[in-house]
Amino acid sequence: MKGMSVIVKQISRLMYPSILVLGVYIILHGHLTPGGGFAGGVLIAGAFTLLVLAYGADEVTTARGKWRATLGESIGIFLFWFIAVLGIVQGGYFFLNMVNHGEPLQLFSAGIIPLCNIAIGIEVSAALFAIFITMSVLKLGDKV
Amino acid sequence: MSLLLYFIIVPLGGAFLLPIISRLRESLSDWVGNAITALLLYCSVYGVITASGKTVTYFVGGWRPIADIPVGINLVMDGLSGLMLLIVNIVALLVTLYSVNYMARYTDKGKYYTLFLLMVAGLNGVILSGDLFNLFVFLEITAIASYALVAFGIEDEELEASFKYQVLGGTASALILLGIAVFYQTTGTLNLADASRVIAGIGHTPTVLFAGVLFMAGFCLKAALIPFHAWLPDAHPAAPAPISAMLSGVVIKVLGVYPLCRLFFNVYGITPLIQDIFMVLGVVSIILGVFLALSQWDFKRLLAYHSISQIGYVVLGIGLGTPLGILGGLFHLINHSVFKSLLFLNAGSVVYATDTRELKELGGLQRKMPVTGATSQVASFSIAGLPPFNGFWSKLIIIVACVQAGQMLFAVLAVIGSILTLLSFLKVQRYVFFDALKEKWKNVREVPFLMCVSMIVFALLCIGMGLLLLPQISAVTLKPAADVLYTGLEYATKVLGG
Amino acid sequence: MVTALILLIVLMILGAIAALESKDLLSGIISLGIIGFALTVIFLILQAPDLAIVQIIVETMTLVILIAAVMKTTKADTVETFGKHSIFLGLVGLVFVFVFIWTAVKAFQQMPGFGSMPLRMASEYVNNGLALTGAGNLVAAVILDFRAYDTLGEATVLFTSVVGITAVLRKLGRNRV
Amino acid sequence: MIVFILAVLLFLVGLYGILVKRNIIKLAIGLIIMEYAVNLFFVLAGYREGGTAPILDGDLAPGTVFVDPLPQALVLTAIVIGLGTTALLVSFAVKIYEKYDTFDIRKIRKLHG
Numbered sequence: 000m001k002g003m004s005v006i007v008k009q010i011s012r013l014m015y016p017s018i019l020v021l022g023v024y025i026i027l028h029g030h031l032t033p034g035g036g037f038a039g040g041v042l043i044a045g046a047f048t049l050l051v052l053a054y055g056a057d058e059v060t061t062a063r064g065k066w067r068a069t070l071g072e073s074i075g076i077f078l079f080w081f082i083a084v085l086g087i088v089q090g091g092y093f094f095l096n097m098v099n100h101g102e103p104l105q106l107f108s109a110g111i112i113p114l115c116n117i118a119i120g121i122e123v124s125a126a127l128f129a130i131f132i133t134m135s136v137l138k139l140g141d142k143v
Numbered sequence: 000m001s002l003l004l005y006f007i008i009v010p011l012g013g014a015f016l017l018p019i020i021s022r023l024r025e026s027l028s029d030w031v032g033n034a035i036t037a038l039l040l041y042c043s044v045y046g047v048i049t050a051s052g053k054t055v056t057y058f059v060g061g062w063r064p065i066a067d068i069p070v071g072i073n074l075v076m077d078g079l080s081g082l083m084l085l086i087v088n089i090v091a092l093l094v095t096l097y098s099v100n101y102m103a104r105y106t107d108k109g110k111y112y113t114l115f116l117l118m119v120a121g122l123n124g125v126i127l128s129g130d131l132f133n134l135f136v137f138l139e140i141t142a143i144a145s146y147a148l149v150a151f152g153i154e155d156e157e158l159e160a161s162f163k164y165q166v167l168g169g170t171a172s173a174l175i176l177l178g179i180a181v182f183y184q185t186t187g188t189l190n191l192a193d194a195s196r197v198i199a200g201i202g203h204t205p206t207v208l209f210a211g212v213l214f215m216a217g218f219c220l221k222a223a224l225i226p227f228h229a230w231l232p233d234a235h236p237a238a239p240a241p242i243s244a245m246l247s248g249v250v251i252k253v254l255g256v257y258p259l260c261r262l263f264f265n266v267y268g269i270t271p272l273i274q275d276i277f278m279v280l281g282v283v284s285i286i287l288g289v290f291l292a293l294s295q296w297d298f299k300r301l302l303a304y305h306s307i308s309q310i311g312y313v314v315l316g317i318g319l320g321t322p323l324g325i326l327g328g329l330f331h332l333i334n335h336s337v338f339k340s341l342l343f344l345n346a347g348s349v350v351y352a353t354d355t356r357e358l359k360e361l362g363g364l365q366r367k368m369p370v371t372g373a374t375s376q377v378a379s380f381s382i383a384g385l386p387p388f389n390g391f392w393s394k395l396i397i398i399v400a401c402v403q404a405g406q407m408l409f410a411v412l413a414v415i416g417s418i419l420t421l422l423s424f425l426k427v428q429r430y431v432f433f434d435a436l437k438e439k440w441k442n443v444r445e446v447p448f449l450m451c452v453s454m455i456v457f458a459l460l461c462i463g464m465g466l467l468l469l470p471q472i473s474a475v476t477l478k479p480a481a482d483v484l485y486t487g488l489e490y491a492t493k494v495l496g497g
Numbered sequence: 000m001v002t003a004l005i006l007l008i009v010l011m012i013l014g015a016i017a018a019l020e021s022k023d024l025l026s027g028i029i030s031l032g033i034i035g036f037a038l039t040v041i042f043l044i045l046q047a048p049d050l051a052i053v054q055i056i057v058e059t060m061t062l063v064i065l066i067a068a069v070m071k072t073t074k075a076d077t078v079e080t081f082g083k084h085s086i087f088l089g090l091v092g093l094v095f096v097f098v099f100i101w102t103a104v105k106a107f108q109q110m111p112g113f114g115s116m117p118l119r120m121a122s123e124y125v126n127n128g129l130a131l132t133g134a135g136n137l138v139a140a141v142i143l144d145f146r147a148y149d150t151l152g153e154a155t156v157l158f159t160s161v162v163g164i165t166a167v168l169r170k171l172g173r174n175r176v
Numbered sequence: 000m001i002v003f004i005l006a007v008l009l010f011l012v013g014l015y016g017i018l019v020k021r022n023i024i025k026l027a028i029g030l031i032i033m034e035y036a037v038n039l040f041f042v043l044a045g046y047r048e049g050g051t052a053p054i055l056d057g058d059l060a061p062g063t064v065f066v067d068p069l070p071q072a073l074v075l076t077a078i079v080i081g082l083g084t085t086a087l088l089v090s091f092a093v094k095i096y097e098k099y100d101t102f103d104i105r106k107i108r109k110l111h112g
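Chains as they are written, first to last, in numbering that gives the first Met the number 0: chain L, 0 to 143; chain F, 0 to 497; chain B, 0 to 176; chain U, 0 to 112.
Think of the hints as simulated: they come from the structure by calculation, not from any bench. Don't take every hint at face value.
To be verified - Taking lysine-lysine and the DSSO-like style, the derived pairs with C-alpha atoms no more than 27 Å apart in a straight line are: (1) F:Lys441 / F:Lys359; (2) U:Lys20 / B:Lys22; (3) F:Lys367 / F:Lys441; (4) F:Lys426 / F:Lys439; (5) B:Lys170 / L:Lys65; (6) B:Lys71 / L:Lys65; (7) U:Lys98 / B:Lys83; (8) F:Lys359 / F:Lys437; (9) F:Lys437 / F:Lys367; (10) U:Lys98 / B:Lys170; (11) B:Lys105 / U:Lys106; (12) L:Lys65 / L:Lys8; (13) F:Lys426 / F:Lys359; (14) U:Lys106 / B:Lys170; (15) B:Lys22 / U:Lys106; (16) L:Lys8 / B:Lys71; (17) U:Lys106 / U:Lys20; (18) U:Lys98 / B:Lys22; (19) B:Lys71 / U:Lys98; (20) B:Lys22 / B:Lys83; (21) F:Lys441 / F:Lys426; (22) B:Lys170 / B:Lys71; (23) B:Lys74 / U:Lys106; (24) U:Lys98 / L:Lys65; (25) U:Lys106 / B:Lys83; (26) B:Lys71 / U:Lys106; (27) F:Lys359 / F:Lys439; (28) B:Lys83 / U:Lys20; (29) F:Lys437 / F:Lys426; (30) B:Lys71 / U:Lys20.
Pulled out of the complex, with its shape left as it was, chain L reads as follows (with noise of 0.2 Å):
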């Protein structure tokens, strides 16, 4: 994969922090407005999307990047999947939302509901990245 014009590549890096920024935010906001993990997951996912386009990959970059998104995809999932044990080992239930509630309708309130928010944000974004790479890699022989 080739990368794109000077333009583009300038144009991509200032929009890529801003896009992520923003991920970050719907995935933390979560449970006060709408939007939530997967949302801003996918955000997070085009942020590099972009960036790879922009810049264009070589064999080795590609391969690390597919490791590196097996690697989040794996490690967010089991997040979320220790979230939910973690809940029996602390009041018995599986998915008990056993944080502290807090103060309703704050940032840090709603107990594992954020948390989980944020295991699903790296789930989403490191899957979505990994089919994106995964199916541009992809050369159809000689056809295209």
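Keeping the supplied structure of chain L fixed, place chains F, B and U upon it in accordance with the hints.
For chains F, B and U alone, coordinates are given in the frame of chain L:
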């Protein structure tokens, strides 16, 4: 920690970590896969023995019903779930054992075991779920994992079969989901036990029945009953042998027959009309399935058509609605899981040794592959219903139940189906294992040790499972399962109490 | 509001027919986009902002995936052939559609009408959701607390399909012996 | 009631695509349309007369009617599942094209019967 949770947590956790583990060292995935399925088998045996027909309900997240209306998701383990869990996990363990050598021919074993564990987790989730939408979610996990597994060899034929499977499977899922939407709009609840109460209150209104029709179409498509069978004869033969064994052995039953029984016996309440639909679908599948099988010359494709035919017996038995009929149907369900898995593993061994599935090209393998040959004879006699193998007992019970219920025509058709099955398997035995040994199979050798072990255990199960009918053993396995269906609407009280 | 809804759904149906009948795959996919974005607007009208956000993102992803697939391969549709069978099958199909719609009309007449659905399972969520979970967004409260187990399943589905995609798009399926 | 009928009609259009079309991408489009129809049906079922979005932000007038959050949660799950199935289906389609050089399912029929 409740026993029920192990069935979901353990395979899911294993599957989430396997991509990392297998990257470190590929051979570890064999160990992890087998250890997890072994643990699950232990749990299900333990569960069946200790539960002894009681109904255990587990409220996920601690969300107990508020004002008697469930707000969260609950898991339910009763006699029927116990029996299904037992058979799923037996087949899963033996199949992973078989996979150790068989899948060495394919690349990327780590992904294979990941998908396999996800499939098993999905099956267990469907069986344990007490919530309609949750059942759908786990059904999708199993379905997606099996789409990918069917095409695991990524050859032309496998991709094509899997694509067909995906399109029809996706249609089935859409029908089921639309059914859930209509169902929710009418009853206002997704919990099966709660819905059962609501329906008892409002009766079978046209809306409820419309949802029922959608469920019937969707789940029949998943169970591959004729006329919804188009995907099965492609998908099951194309998959790697262990996956064929899982698909034919347990997946079509857990995704198709089990939800049908749950919904129509425990939630809707069985009526003569629904029984008639079950029985007619069953008989048509028996007869047409076996006729289609007779004309096949591809080993695995022939077995796939027999799966349709044998599922027909299960649905016919359950559809009779009498205690004996339900017992026979469920008994045939688990018997079929055992002997059909074994037959697909036999076919896999033949393919492993010779690389062909064409019956006409094979011949005389009995002397070269004694274990495969002997076990396949056991399985063939079982599926054909010869005494004293397990298939004989369950078919006998179903036929007797038909006669008792006054359905003479169905009884006769079931007998005819059984005879045709025998003919078809005599053909298989003759062309594959007997006849003269062909020149090119001079150097064929028996398959590796672990594959033999797996097949021998299955064969022993085929011979021994008649013992399940002994009163003491039946009291903890078959009887509670049949009671769950026969007592029908008492499900709601058993699950939610009061 | 109902009029607006009806118009949008009719637009979706027309878009669906266009997507299926267009001779060029790319324009078919674009028509599919129309349906997806109309659905987003409907979600907004029906007071489902969470869904609108996710739908618009997923719609974009779906279009990107489909367009990428078509650009890598071919845009030409396959030629449909009509034989003697087609007329017969068409008639059977028409009868089926008629019966289906008729059953649906019969069924929906008995159903609670649009906008007046009884709450049973959900009444607790609406009345005490904030007190029970501490989350202001009740949809988040449902997916990550009351029904978090479903969401684990959902995340697993995504995980499964990614593993499936990487498995199917391997270079080599079998070790050559 | 008319909106529900229209949603079912949309579902039938998708089903028509599955049954009649012979192009792999068109089949995928048919499946996606069915999915949309089901999601639409769910959200229509969850709407309540005069309801607002189920998001509390502190200063709501008492007696506010909320729409049902449960169907919305279910549709959220269903959309993600749909994305997963679609991505898998499309990767199959691309792989099949790589092997057979066509999207026509009549031409890729190696399987008999």
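Against the structure, the hints:
no.	hint	verdict
1	F:Lys441 / F:Lys359	holds, 16 Å
2	U:Lys20 / B:Lys22	holds, 12 Å
3	F:Lys367 / F:Lys441	holds, 8 Å
4	F:Lys426 / F:Lys439	holds, 21 Å
5	B:Lys170 / L:Lys65	holds, 14 Å
6	B:Lys71 / L:Lys65	holds, 21 Å
7	U:Lys98 / B:Lys83	violated, 32 Å
8	F:Lys359 / F:Lys437	holds, 11 Å
9	F:Lys437 / F:Lys367	holds, 11 Å
10	U:Lys98 / B:Lys170	holds, 12 Å
11	B:Lys105 / U:Lys106	violated, 42 Å
12	L:Lys65 / L:Lys8	holds, 22 Å
13	F:Lys426 / F:Lys359	holds, 10 Å
14	U:Lys106 / B:Lys170	holds, 24 Å
15	B:Lys22 / U:Lys106	holds, 18 Å
16	L:Lys8 / B:Lys71	holds, 24 Å
17	U:Lys106 / U:Lys20	holds, 13 Å
18	U:Lys98 / B:Lys22	holds, 23 Å
19	B:Lys71 / U:Lys98	holds, 14 Å
20	B:Lys22 / B:Lys83	holds, 23 Å
21	F:Lys441 / F:Lys426	holds, 22 Å
22	B:Lys170 / B:Lys71	holds, 17 Å
23	B:Lys74 / U:Lys106	holds, 17 Å
24	U:Lys98 / L:Lys65	holds, 24 Å
25	U:Lys106 / B:Lys83	holds, 20 Å
26	B:Lys71 / U:Lys106	holds, 20 Å
27	F:Lys359 / F:Lys439	holds, 13 Å
28	B:Lys83 / U:Lys20	holds, 17 Å
29	F:Lys437 / F:Lys426	holds, 17 Å
30	B:Lys71 / U:Lys20	holds, 21 Å
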